Every structure is written in C-alpha cells, then in structure tokens.
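Line order of the protein sequences matches chains Z and H. All residue numbers for the first sequence refer to this note's numbering, where the first residue is 57 and numbers rise by one. All residue numbers for the second sequence refer to this note's numbering, where the first residue is 57 and numbers rise by one.
No lab work stands behind these hints, which were simulated from the structure alone. Because the structure is a prediction, the values reported are computed rather than measured. Hints are supplied without guarantee of correctness; some may be wrong.
What the hints assert, rightly or not - Partner residues are not named here, just some residues of chain Z that face chain H (Cβ under 8 Å, in silico):
{"no.": "1", "residue": "V207"}
{"no.": "2", "residue": "E245"}
{"no.": "3", "residue": "P316"}
Claimed, not checked - No farther apart than 27 Å at their CA atoms in a straight line, the calculated lysine-lysine pairs in the BS3-like style are these:
{"no.": "4", "chain 1": "Z", "residue 1": "K303", "chain 2": "H", "residue 2": "K139"}
{"no.": "5", "chain 1": "H", "residue 1": "K312", "chain 2": "H", "residue 2": "K287"}
{"no.": "6", "chain 1": "H", "residue 1": "K360", "chain 2": "Z", "residue 2": "K208"}
{"no.": "7", "chain 1": "H", "residue 1": "K248", "chain 2": "Z", "residue 2": "K321"}
{"no.": "8", "chain 1": "H", "residue 1": "K321", "chain 2": "Z", "residue 2": "K208"}
To be verified - Taking beta-carbon pairs under 7 Å as the criterion, some of the chain Z residues facing chain H (in silico):
{"no.": "9", "residue": "Q94"}
{"no.": "10", "residue": "E235"}
{"no.": "11", "residue": "T237"}
{"no.": "12", "residue": "L240"}
{"no.": "13", "residue": "G305"}
{"no.": "14", "residue": "G335"}
{"no.": "15", "residue": "G337"}
{"no.": "16", "residue": "E340"}
{"no.": "17", "residue": "S371"}
Heads up, the beta-carbon is just placed ideally off N, CA and C, and yes, glycines get one too.
Protein chains: 2
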Amino acid sequence: MVSKVVNNLQFDSNVSRKLTHISTFTLKFINMANRITQLFDIQYPIIQAGMLWCSPWELAAAVSNAGGLGIIGAASMYPEVLKVHVKRCKEATRKPFAVNMPLLYPNIEEHMQTVVDEKVPIVFTSAGNPKAWTQHLKSHGIKVVHVVSSVKFALKSQEAGVDAIVAEGFEAGGHNGREETTTLCLIPEVAKNIDIPLIAAGGIASGEAMLAAMILGADAVQIGSKFVASKESSAHQNFKNEVIQAKEGGTGLVLKDVTPVRLIKNDFHNRIFEAEQRGAGVDELKEILGRARAKKGMFEGDMKEGELEIGQVSSMINEVKSAAEIVLDIKNEYNEAKMTLMNATNQFSW
Amino acid sequence: MVSKVVNNLQFDSNVSRKLTHISTFTLKFINMANRITQLFDIQYPIIQAGMLWCSPWELAAAVSNAGGLGIIGAASMYPEVLKVHVKRCKEATRKPFAVNMPLLYPNIEEHMQTVVDEKVPIVFTSAGNPKAWTQHLKSHGIKVVHVVSSVKFALKSQEAGVDAIVAEGFEAGGHNGREETTTLCLIPEVAKNIDIPLIAAGGIASGEAMLAAMILGADAVQIGSKFVASKESSAHQNFKNEVIQAKEGGTGLVLKDVTPVRLIKNDFHNRIFEAEQRGAGVDELKEILGRARAKKGMFEGDMKEGELEIGQVSSMINEVKSAAEIVLDIKNEYNEAKMTLMNATNQFSW
Chain Z
57 MVSKVVNNLQ
67 FDSNVSRKLT
77 HISTFTLKFI
87 NMANRITQLF
97 DIQYPIIQAG
107 MLWCSPWELA
117 AAVSNAGGLG
127 IIGAASMYPE
137 VLKVHVKRCK
147 EATRKPFAVN
157 MPLLYPNIEE
167 HMQTVVDEKV
177 PIVFTSAGNP
187 KAWTQHLKSH
197 GIKVVHVVSS
207 VKFALKSQEA
217 GVDAIVAEGF
227 EAGGHNGREE
237 TTTLCLIPEV
247 AKNIDIPLIA
257 AGGIASGEAM
267 LAAMILGADA
277 VQIGSKFVAS
287 KESSAHQNFK
297 NEVIQAKEGG
307 TGLVLKDVTP
317 VRLIKNDFHN
327 RIFEAEQRGA
337 GVDELKEILG
347 RARAKKGMFE
357 GDMKEGELEI
367 GQVSSMINEV
377 KSAAEIVLDI
387 KNEYNEAKMT
397 LMNATNQFSW
Chain H
57 MVSKVVNNLQ
67 FDSNVSRKLT
77 HISTFTLKFI
87 NMANRITQLF
97 DIQYPIIQAG
107 MLWCSPWELA
117 AAVSNAGGLG
127 IIGAASMYPE
137 VLKVHVKRCK
147 EATRKPFAVN
157 MPLLYPNIEE
167 HMQTVVDEKV
177 PIVFTSAGNP
187 KAWTQHLKSH
197 GIKVVHVVSS
207 VKFALKSQEA
217 GVDAIVAEGF
227 EAGGHNGREE
237 TTTLCLIPEV
247 AKNIDIPLIA
257 AGGIASGEAM
267 LAAMILGADA
277 VQIGSKFVAS
287 KESSAHQNFK
297 NEVIQAKEGG
307 TGLVLKDVTP
317 VRLIKNDFHN
327 RIFEAEQRGA
337 GVDELKEILG
347 RARAKKGMFE
357 GDMKEGELEI
367 GQVSSMINEV
377 KSAAEIVLDI
387 KNEYNEAKMT
397 LMNATNQFSW
C-alpha cells in the first residue's frame with residue numbers, strides 16, 4: 057500500500073509535497089469508501105431507487121443478485137401488495153434488499169408491520185419526519201436510511217439515528233426538494249456536515265457520474281431513472297420508450313407550491329406549467345392534478361395525461377437493459393474512468 | 057507510461073479485462089485533458105469567470121499570473137472603462153488573459169473594437185448568437201469561446217466556429233439557462249455532442265469539484281463565485297461578506313420570464329419571488345427590477361435592495377482569499393483528490 061503511494065507520487069511532485077498533510081476529504085474518502093457496502097453487506101455501492109410504479113420485487117431481486125442493493129417501491133403498493141412483493145423478493149434472492157416507504161403513506165402502520173414481520177433487512181424512508189419510525193425499525197434490527205435534499209434535513213436525520221442518508225439533488229426525477237440544490241453542490245455540503253455514510257442521488261446513470269459523486273464525498277450512489285428503463289421495471293413500455301427518447305431539457309420541475317416534482321414535459325406537465333405561469337392557486341393546481349396521475353402515466357402508459365416522473369439524466373439513457381447489465385455497466389465504467397484518470401496523471405504537468 | 061498502466065492494472069482485475077476496449081470517454085479524456093491549456097497557452101485549466109461588477113483588471117491579471125486564465129468582465133464597463141482595464145491588464149501580466157462580453161451589450165461594437173485594437177488574445181462571448189461576432193474576432197487572430205447552458209446552443213456555437221465552449225449548469229450564479237440542466241447532467245451531454253474543447257461551469261469552487269467535472273468530460277473549469285470573494289475582486293466588501301456567510305439553500309433562481317438569474321435570497325429577491333408566486337406579468341416584474349440593481353448590490357453594497365448574483369456553491373465558500381491562493385488551493389485539492397482515488401483503488405474489491 058505504502059509502496060503504491062510512493063509509486064504514484066513519483067508521477068506528481070505537487071502531490072508528494074502534500075503527503076505530510078492529509079485533508080479531512082482524504083481521510084473520509086480512504087476510510088469510508090466502503091462504509092455502505094459494509095453497512096448493507098453488498099458487493100458494489102450501487103443502489104436502485106425504490107420508485108413508485110416502477111420498482112417491483114423482480115427489479116429489486118435482480119439488482120441485489122447483481123451485487124447492488126435492490127429496493128421495492130412501497131409508495132404505490134397497497135399493504136397486501138407489498139406483502140406479496142416482499143415474500144417474492146425473499147424467494148428470488150438471498151442477498152440483502154430494501155423497501156422504500158414515504159412516511160406520508162396513509163397505511164404506513166401496515167407497511168411498517170410488514171417489513172418487521174418479514175424481517176426486511178433495510179428500509180429507506182422519505183417524505184416525512186425521520187424521528188417518527190427510525191427507532192421503531194432499529195429496535196427490530198432493521199437498518200434505516202432517510203432521503204433528504206438539504207443539509208438541514210440531513211442533520212435532522214442523523215439526530216434521529218438513521219444508519220445512512222441519501223442526499224438527492226435538484227436534477228433527480230419525481231418528488232424533489234424546495235431548496236433546488238444540485239447534486240454537485242449538495243453532496244460536498246452534506247458530506248462536510250454529517251458523520252454517517254452518504255449516498256448520492258440525482259443525475260447519476262453512469263460510472264463516470266458515480267466516480268464524480270464519490271470524489272465529492274459520497275460513499276455510494278442511488279440510481280433511479282436508469283432502472284425505470286430496465287427490463288425488470290414495472291413501468292409501462294410506453295414510459296420506458298419515452299425515457300430512452302428523452303433529450304436534454306426534456307424534463308421540468310413543477311407543482312412547487314403543492315409538492316415539487318420533476319416530470320417529462322408532456323401535455324399534463326405543460327398544462328400545470330401554464331397554470332403556474334399565470335399564478336394559479338394551490339386548489340386549482342390540485343384540481344388539475346386530480347388523482348392517480350402517476351399511475352396513469354408511469355404504470356398505465358398514458359403519455360399525454362399521465363404524470364411521468366423522471367430525472368434530467370434521462371437524456372443520457374438510450375436503451376432498455378436488464379438490471380444486471382445496468383449494474384455491470386456502471387461498475388465497469390467506474391473502473392475504466394478510474395484507470396483513465398490514473399493514466400492521465402502522467403500527462404498532467406500540474 | 058505502459059509500465060504505469062500495467063502497474064495500475066495489477067490492483068484491479070476488472071480494469072485489466074477492459075484494457076482491450078478503450079471507450080470514447082477514455083480516448084477523449086486521455087487525448088484531450090490538456091486541450092484547454094494548449095488552446096489558451098496557460099498552466100492550469102482553471103478559468104476565472106468574467107463576472108459583471110466583480111472582474112476588473114486586477115483580478116484577471118492575478119489569475120493569469122497564477123497560471124490560470126483571468127477574464128475582465130466587460131458587461132458592467134463603459135467602452136472607455138474597458139479600454140483602461142485592458143491596458144492595465146496588459147501591463148500587469150505577460151500571460152494570456154480574456155475579456156467576457158455579453159453580445160446583447162448596447163455598445164458591443166465599441167467593445168469589439170477595443171479587443172481588436174488592444175490585441176486581446178481570447179474573448180468569451182455570452183447571451184447572444186455566436187454567429188454574430190465569432191468570425192470577425194477570429195479574422196483578427198482572437199480565440200473565441202461561447203457560453204451556453206444547453207446541448208442545442210453548444211452545437212450552434214460549434215457550427216459558428218468558436219474555439220471552445222463553456223457549458224454552465226443550473227447551479228451557476230447570475231444569468232442562467234431556461235433548460236435548468238445541472239452541471240452533472242449537462243457536461244456529459246455536451247461532451248458527447250461536440251468535438252471542440254469543453255469548459256464546465258456552475259457549482260465548481262474546489263479541486264474535488266474540478267476533478268469531478270473533468271471525469272464527466274470537461275477539459276477545464278470556469279469558476280465564478282469563489283473569485284467574487286477574492287481580494288482582487290471589485291465586489292463591494294458587503295457582498296464578499298454575504299457570499300462567505302451564504303448557506304446551502306441561500307440562493308434562488310428568479311425572473312424566469314424576463315432573464316433567469318440566480319441571486320442571494322435578500323429582500324429584493326424575495327419581493328420578486330412573491331410577485332412571481334402571484335403570477336405578476338413581465339411588465340410588473342421589470343418595474344420591480346428597475347435599473348442598475350446588480351450595481352446597487354454587488355458594487356455599491358446594498359445587501360437589501362441590490363441584485364446579488366452568486367452560485368449555489370457559495371455555501372462552500374467561507375473565506376476571502378487572494379486570486380493566487382484560490383488557484384493554488386484548487387490545483388492542490390485536485391491533485392490530492394486524484395492521489396486519494398489512486399490509493400483507494402487498492403481498497404475497492406470491485
């Protein structure tokens with residue numbers, strides 16, 4: 057290890073001068089690079105987001121079997137449906153998997169009972185107060201991760217005793233923070249302010265973006281959009297096609313006064329956008345929104361009137377692949393980008 | 057070099073399997089890592105943004121003398137003022153420097169005459185059609201860089217014959233694109249679509265963020281906010297103090313129907329924000345905006361009623377330093393982050 061360090065140093069005199077001083081960034085990076093793989097007992101720090109209408113047991117099991125962490129998206133499941141998905145997932149993989157639960161879910165008690173009864177090893181919570189359920193879940197030996205979009209809520213989550221945090225940037229698909237802080241600005245800020253493991257989310261669909269997130273202080277990445285367009289995703293084929301055709305600038309963040317959400321700019325999005333432009337009130341916006349818009353679009357395939365939740369990074373997704381291929385691609389791109397950087401080192405005069 | 061590659065490979069079997077296949081990303085990164093330092097004849101691919109009211113000859117010369125590329129911000133200068141700054145900058149440094157010009161500037165012809173007469177080596181253009189002046193400037197031996205915030209305008213700029221592009225993400229301070237694409241999502245998209253050198257801007261104020269941007273496909277970075285808070289910046293001391301005190305979530309993007317601009321959330325910002333919330337029209341917004349708001353805030357130091365243009369990354373800026381210190385810090389952080397990554401390689405089992 058030391059020989060490797062010295063070995064590297066001869067290629068960069070700027071670095072050798074820094075050897076005596078190892079920054080907090082360096083320590084954090086070296087010591088904690090594998091905190092997430094250790095915490096979850098997984099092979100790669102690649103986590104599939106538990107997206108409503110797109111994250112059934114088939115997807116979660118496939119991601120976990122491929123060495124990442126698969127997550128069942130409970131937000132769009134009735135309690136009895138979640139029970140079935142958890143049971144099936146346990147049959148389909150011996151690897152750890154998780155369930156994602158928005159804490160505002162109406163039947164949250166039943167969902168919580170299911171993960172306890174079925175001994176789900178990890179639960180990701182979002183959209184609510186992390187104090188509400190963290191200790192209950194931990195008392196049953198379940199690891200808890202909370203999703204945040206600001207430093208303020210990252211600190212609240214750490215105080216609540218969660219095992220790790222997902223910090224999600226403005227570019228992320230679906231429901232989104234009011235601060236509008238992007239992943240590039242949010243990850244180093246949160247990393248600087250918390251001690252527990254940090255998972256970066258928003259704008260990540262490649263090994264290069266994963267490496268960038270790790271350099272910024274993340275211990276792992278959570279990937280949503282790319283898994284929406286996976287073979288095992290339960291997204292409607294129309295939605296998968298829409299995602300792989302999406303171009304840069306093709307999504308927009310709307311409903312900021314109701315619940316901010318990033319959507320593909322389809323007819324429904326545009327109607328909401330125009331209403332907001334003319335200063336429509338919350339009641340009118342809720343009326344336009346109506347009920348079950350996400351199901352209509354993402355699950356039933358109505359590309360005009362449905363709510364199509366996806367991230368900005370959809371512009372970089374051009375193919376529907378299996379979950380296993382996606383995990384392997386990202387791992388290989390990550391390693392290739394690292395190798396490229398190591399080679400490039402010699403060529404930098406600075 | 058080859059021995060170094062082989063040397064690295066023995067630490068990562070995943071990588072060795074990839075050696076036969078070098079991706080476009082790899083080629084681009086290896087071959088073009090120094091395209092910007094070569095194009096501008098500078099030591100480090102670190103470029104100071106030419107920010108209105110903050111970028112006088114003192115700042116541009118200091119950055120260029122430190123090995124980066126300094127830029128005079130002409131947007132807030134009368135033609136005769138720009139002449140003085142260019143002459144002083146030439147006296148203060150023998151290194152290349154640039155002038156930034158928004159193409160919508162009323163006296164643009166006079167500014168253009170100045171850079172030609174004074175043989176300014178590089179001009180950064182923004183806020184306008186790159187076709188308008190690129191060939192004229194190039195016919196006088198001036199290198200031209202155009203600032204964009206989308207793939208569409210990156211392609212238009214390349215067609216117009218510019219030498220390089222700055223792609224600026226949603227987190228950037230000041231005037232901003234309508235697509236709201238973040239740096240993390242914009243840089244790989246633009247890198248994939250253009251052949252000329254690419255400079256990443258928005259959310260970059262550290263060597264870690266610079267390394268992340270390079271991994272995403274950038275050849276260099278442009279840094280604004282951190283240089284606003286530099287000793288040589290002409291920003292009012294009140295504004296510098298405001299920047300180093302800014303917290304995550306402390307900026308907002310407003311005036312989207314007029315000209316989108318990211319500002320510190322002060323009284324003026326909040327008044328505009330509230331007007332937009334109730335659907336105020338362009339005329340009313342322009343009336344609230346009035347004239348010379350940026351000067352009032354950034355240059356005259358009115359922290360309540362002034363327009364305070366700054367990026368989200370201001371939350372990571374905690375100290376006013378000299379331009380030379382900033383360039384050196386970023387270079388050292390960049391090299392340290394690279395070294396950390398190389399050491400970490402051994403510890404990754406994947």
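Going down the list of hints, with the structure as the test:
1. V207: 5 Å, holds
2. E245: Cβ of E245 of chain Z sits 5 Å from chain H, so the hint holds.
3. P316: 12 Å, violated
4. Z:K303 with H:K139: It is violated: about 43 Å lies between the C-alpha atoms, which goes past 27 Å.
5. H:K312 with H:K287: Not satisfied, since the Cα-Cα distance of roughly 32 Å exceeds 27 Å.
6. H:K360 with Z:K208: It holds: about 25 Å lies between the C-alpha atoms, which stays within 27 Å.
7. H:K248 with Z:K321: 23 Å, holds
8. H:K321 with Z:K208: 17 Å, holds
9. Q94: 11 Å, violated
10. E235: At about 4 Å, which falls below the 7 Å cut-off, the nearest Cβ of chain H leaves the hint on E235 of chain Z intact, so it holds.
11. T237: 6 Å, holds
12. L240: This interface hint holds because 4 Å falls under the 7 Å limit.
13. G305: Constraint on G305 of chain Z satisfied, holds at 4 Å.
14. G335: 2 Å, holds
15. G337: At about 9 Å, which exceeds the 7 Å cut-off, the nearest Cβ of chain H leaves the hint on G337 of chain Z violated.
16. E340: 11 Å, violated
17. S371: 6 Å, holds
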